[in-house]
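Q: Please work from the sequences and hints to get the whole structure.
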Amino acid sequence: MNDHRISKNGSTGGLTRRQFGTAAASVALSAGALAAFGRAPAFAQGTALKVGVLLPRSGLLAQAGQACQRGAEIAPAILGELGYKVEILSADTESNVDVARSRAEKLINDGANVIVGAFDSGQTAAAAQVCEQRGVPLVMNIAAADRLTEQGYKTVFRNFPTSTMLVSNGLALMKDLFAVSGVTPKTAVFLHANDTFGMANKQAMDALFPKLDMPFGIVDSISYDPKAQDLAVEVAKAKATGAELAIVTTRANDAIMLVREMVKQRWEPKGIVSPGSPGLYDEQFYKVLGKYADYAITNLPWYDPKAELTKRVEAAFKKQYPNDRFEGYAFNVAFTLEAILVAADAFKRAGTAEPATLLEALRQTNLKDKMMVGPAITFDEKGQNTQLVSACLQNRNLRPTVVLPKDSAEMDPVFPMPGWGKRA
1 MNDHRISKNG
11 STGGLTRRQF
21 GTAAASVALS
31 AGALAAFGRA
41 PAFAQGTALK
51 VGVLLPRSGL
61 LAQAGQACQR
71 GAEIAPAILG
81 ELGYKVEILS
91 ADTESNVDVA
101 RSRAEKLIND
111 GANVIVGAFD
121 SGQTAAAAQV
131 CEQRGVPLVM
141 NIAAADRLTE
151 QGYKTVFRNF
161 PTSTMLVSNG
171 LALMKDLFAV
181 SGVTPKTAVF
191 LHANDTFGMA
201 NKQAMDALFP
211 KLDMPFGIVD
221 SISYDPKAQD
231 LAVEVAKAKA
241 TGAELAIVTT
251 RANDAIMLVR
261 EMVKQRWEPK
271 GIVSPGSPGL
281 YDEQFYKVLG
291 KYADYAITNL
301 PWYDPKAELT
311 KRVEAAFKKQ
321 YPNDRFEGYA
331 FNVAFTLEAI
341 LVAADAFKRA
351 GTAEPATLLE
361 ALRQTNLKDK
371 MMVGPAITFD
381 EKGQNTQLVS
391 ACLQNRNLRP
401 TVVLPKDSAE
411 MDPVFPMPGW
421 GKRA
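Okay, so the sequence shown: first residue is 1 according to full-length UniProt numbering, each after it adds one.
Derived BS3-like pairs (lysine-lysine); straight-line CA-CA distance at most 27 Å:
1. Lys-348 <-> Lys-382
2. Lys-368 <-> Lys-382
3. Lys-270 <-> Lys-186
Here are the simulated distance ranges between beta carbons:
4. Lys-287 <-> Lys-406: 24 to 32 Å
5. Gly-182 <-> Gln-320: 42 to 50 Å
6. Lys-175 <-> Ala-232: 28 to 36 Å
7. Thr-357 <-> Pro-416: 48 to 56 Å
8. Gly-290 <-> Asp-110: 36 to 44 Å
For the record, the hints were derived by calculation from the structure and aren't laboratory data. Backbone N, C-alpha and C define an ideal beta-carbon position, used for all residues, glycine too.
A: Shown next as structure tokens:
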């Protein structure tokens, strides 16, 4: 058998030990020469980056997790066309923090070079602890709690706004909305989930609101359990305040419950506005609520419809999911695919998945060819992309539509929103 193993007599399939050593040195020299001339090392050329994608595909957050998963499923082909080679290893957190921790461990044990995830801040925090302990990079797709990049971790990278960024950008866009519409509410009530994300937004709201010279006052903050069967009590309490504006931090399921109860109780504030939470623009929100889904507003980062990557992603999505609307999944798909792209780009530049080298390449990220609106993706010393910007999206004709800033607007905003009984 001629397998080039060194035999007892010192030969190696026809090569002497000295010849074998000379050949090996020659190969090493050639590889070094290639690297010196700026060509990708052999590892990067022939090996895929193994990306462990950690998402809540079942349980309370299943709808969002499954939407994110679609971004992961179409990523290998799209990134392959761009010269990146990735292999996806998927795991379901079951919308549970403890499961997220154990599945992150398993993904790493199964060979994942980098973890992407995990949509929910609490589950992402659990994964971050594992990645920091194991020295494996974590690139967050969606998770906003400020503390995720404030703990001094060296392995976390977030191409997503913090809660402080979301609330700050969201409140600023509210001022723009009032200026354009000529209508300014005097009072608001803040309704928010009591999970990790909701409480982080509440803390950001409490810290930022007094500093931003908003034209309205917040008369009450009302928290609720997103696992509740209904929100009748919370909506009744909010209605009783007489607030002219409903500011909300939601997920898809509780956003649906919230609006259903508002219609039932005939509470008609001038608007429903979210400073950066999911739910109001998710496909399930449109499917379940129909006309009652329209006119809700979310201020958050959004994809650039003119970007080359957006066109590729939209075409791939429509091909793979012909019965689903891209717009209803785009936010979750885009941030998940961009997180995988960030990891793949670092791997391509590093030429290896060796953790220390890959981490250093991630720190040097400067990714201009991307999907979301805003400048190139870069990370500060904490691993946070601080350059993300928000747009004002209003649900119009059952689709998320950019209405501000004016230069990017597809339609003019409608504010106040029509009453529940005045919708076609």
